[in-house]
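Asker: Each chain, letter by letter, is given below.
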Amino acid sequence: MAETTLQLQQKSDEELVSLSLIDKNIFAYLIERYEAKLKRYVNRLASFSHEEVEDLLQEIFIKVYKSLNDFDQKLKFSSWIYRIAHNQVISRFRYHQARPQAVSFEDDRAVNLLSDAEIEVEVDRHLAGEELSRAMAELKPEQRDILILRFFEGKSYDELSDILKKPSGTVASLIHVAKKSLKQKLEKTKINTNTTN
Amino acid sequence: MSELSSKILNEIEEKKVQPTPHWQLVMRTAADWLLIIVTLILGCWAFGMVYFLLSREDWGAAPLFGGEPQFVFMAVPYAWLAVFVLLSILVYINFRHSKRGYRYAACWIVGGIFVLSLAGGWAINEFGWSQPTHDMLNRNLGFYHHSFDSHAMMWENPDRGFLAGRVVDIVDPSKFDLNDVDDRLWLVSFGPEAVFSPQIQLVPGLPLGVMGQRTGDHLFLAKKIRLWTQPAPNCAVGARNMCPLRSN
Numbered sequence: 026m027a028e029t030t031l032q033l034q035q036k037s038d039e040e041l042v043s044l045s046l047i048d049k050n051i052f053a054y055l056i057e058r059y060e061a062k063l064k065r066y067v068n069r070l071a072s073f074s075h076e077e078v079e080d081l082l083q084e085i086f087i088k089v090y091k092s093l094n095d096f097d098q099k100l101k102f103s104s105w106i107y108r109i110a111h112n113q114v115i116s117r118f119r120y121h122q123a124r125p126q127a128v129s130f131e132d133d134r135a136v137n138l139l140s141d142a143e144i145e146v147e148v149d150r151h152l153a154g155e156e157l158s159r160a161m162a163e164l165k166p167e168q169r170d171i172l173i174l175r176f177f178e179g180k181s182y183d184e185l186s187d188i189l190k191k192p193s194g195t196v197a198s199l200i201h202v203a204k205k206s207l208k209q210k211l212e213k214t215k216i217n218t219n220t221t222n
Numbered sequence: 619m620s621e622l623s624s625k626i627l628n629e630i631e632e633k634k635v636q637p638t639p640h641w642q643l644v645m646r647t648a649a650d651w652l653l654i655i656v657t658l659i660l661g662c663w664a665f666g667m668v669y670f671l672l673s674r675e676d677w678g679a680a681p682l683f684g685g686e687p688q689f690v691f692m693a694v695p696y697a698w699l700a701v702f703v704l705l706s707i708l709v710y711i712n713f714r715h716s717k718r719g720y721r722y723a724a725c726w727i728v729g730g731i732f733v734l735s736l737a738g739g740w741a742i743n744e745f746g747w748s749q750p751t752h753d754m755l756n757r758n759l760g761f762y763h764h765s766f767d768s769h770a771m772m773w774e775n776p777d778r779g780f781l782a783g784r785v786v787d788i789v790d791p792s793k794f795d796l797n798d799v800d801d802r803l804w805l806v807s808f809g810p811e812a813v814f815s816p817q818i819q820l821v822p823g824l825p826l827g828v829m830g831q832r833t834g835d836h837l838f839l840a841k842k843i844r845l846w847t848q849p850a851p852n853c854a855v856g857a858r859n860m861c862p863l864r865s866n
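In order, the protein sequence lines correspond to chains A and B.
Numbering of the first sequence is given in this note's numbering, commencing with residue 26 and proceeding in unit increments.
Numbering of the second sequence is given in this note's numbering, commencing with residue 619 and proceeding in unit increments.
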């Protein structure tokens, strides 16, 4: 008996991968599960146009489909799909030889990043978000990328290791250096004000 | 179904996109690992050659070259070391790009490659595979002798005052003919101040290392004469190969 939509929606990522290899239409469930997350991730990396984002997402999911047999069941599927997304975006940057433009980081996670980097924050988060956007745009791409994955996508160190294909120790060092760099850039633009509770 | 998922499924259908077959991925992984293993074995071999060339050095000749530090500096087979380093870098890069290789810190990978190369190189040398490799390369690669054989490079340098070869004929009590490792005939002369180390009887066939001064075309004035007492294991026959006699 064919599984119902509800049953398929309740299946794990890994189960959907196995089923997609048998019936490609089931791949739609994986797409729908990750479409919004990857769209947000791609938009955080650079201010692509709507069409570019759609194109990129299409490329990413086609690449995922082609690579389904290569999915290592010992990895989390989300780490694996983020790895493919990350690599596709980097390829797109290299192809266009463009440096990503500033994007907006005006949400609660911006405050998390700022406090984690021991940067005093404005009560006015809008202001903090604007300054953060400018500072993030000035970071090296790999530094910006790792901060976005850690603080905005909420990835753990192990997940970052699997996404970026680097040892955990290196990931920790990269985050430390990126936060330090961000702090220096923010201090240059004089964001420091007193925090009021 | 969302608009994006419809678009993607349509593209998969129209362009007949297929997941890469499992067997292809297995073959690719196998090829990657074969490359890693072969490169590692070649690296062990290169390290074995370094070990081989250093172990056949006549360390007693160090004073002739200005002392041990200078001798060590000259004796190290840099070309083989460079080959070993290059192969090790290839192993590192290929391992790093393997499915799980990225999880290991660089120091562990480098340490592992070094330890395996050390062990592998020692084993290759112990099994006696270094000498045949050395002889084969000597016979077949014209540049090997003057680029890789550090021992030969040290001693085959008449312009810098070093000559090595086998005594062919005793001309008179202060002169003898020497056939060097490149098959060139030299007339070597020596005065009463010449040092023989150890004291030896000059006879045809004796392998010698001579330090002194080139005085002309195929003419050499010896200041120190030394018996080559380091027998090479599985010594092959050939004009280029110095197979010293065992000292009694």
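Hints were generated in silico from the structure; no laboratory data involved.
Please note that a few of the clues may not be correct.
Some chain A residues close to chain B (C-beta under 7 angstroms, calculated; not the full set) [as the list claims (entries may be wrong)]: (1) Lys49; (2) Ile56; (3) Glu57; (4) Gln83; (5) Phe86; (6) Asn94; (7) Lys208.
Predicted model, so just to flag it, every value in this text is computed and none were measured.
Every residue gets a Cβ at the ideal spot worked out from N, C-alpha and C, and that includes glycine.
Asker: Each of the hints needs a verdict: does it hold here or not?
Answerer: Going down the list of hints, with the structure as the test:
no.: 1; hint: Lys49; verdict: holds, 6 angstroms
no.: 2; hint: Ile56; verdict: holds, 4 angstroms
no.: 3; hint: Glu57; verdict: holds, 5 angstroms
no.: 4; hint: Gln83; verdict: holds, 6 angstroms
no.: 5; hint: Phe86; verdict: holds, 5 angstroms
no.: 6; hint: Asn94; verdict: holds, 5 angstroms
no.: 7; hint: Lys208; verdict: violated, 26 angstroms
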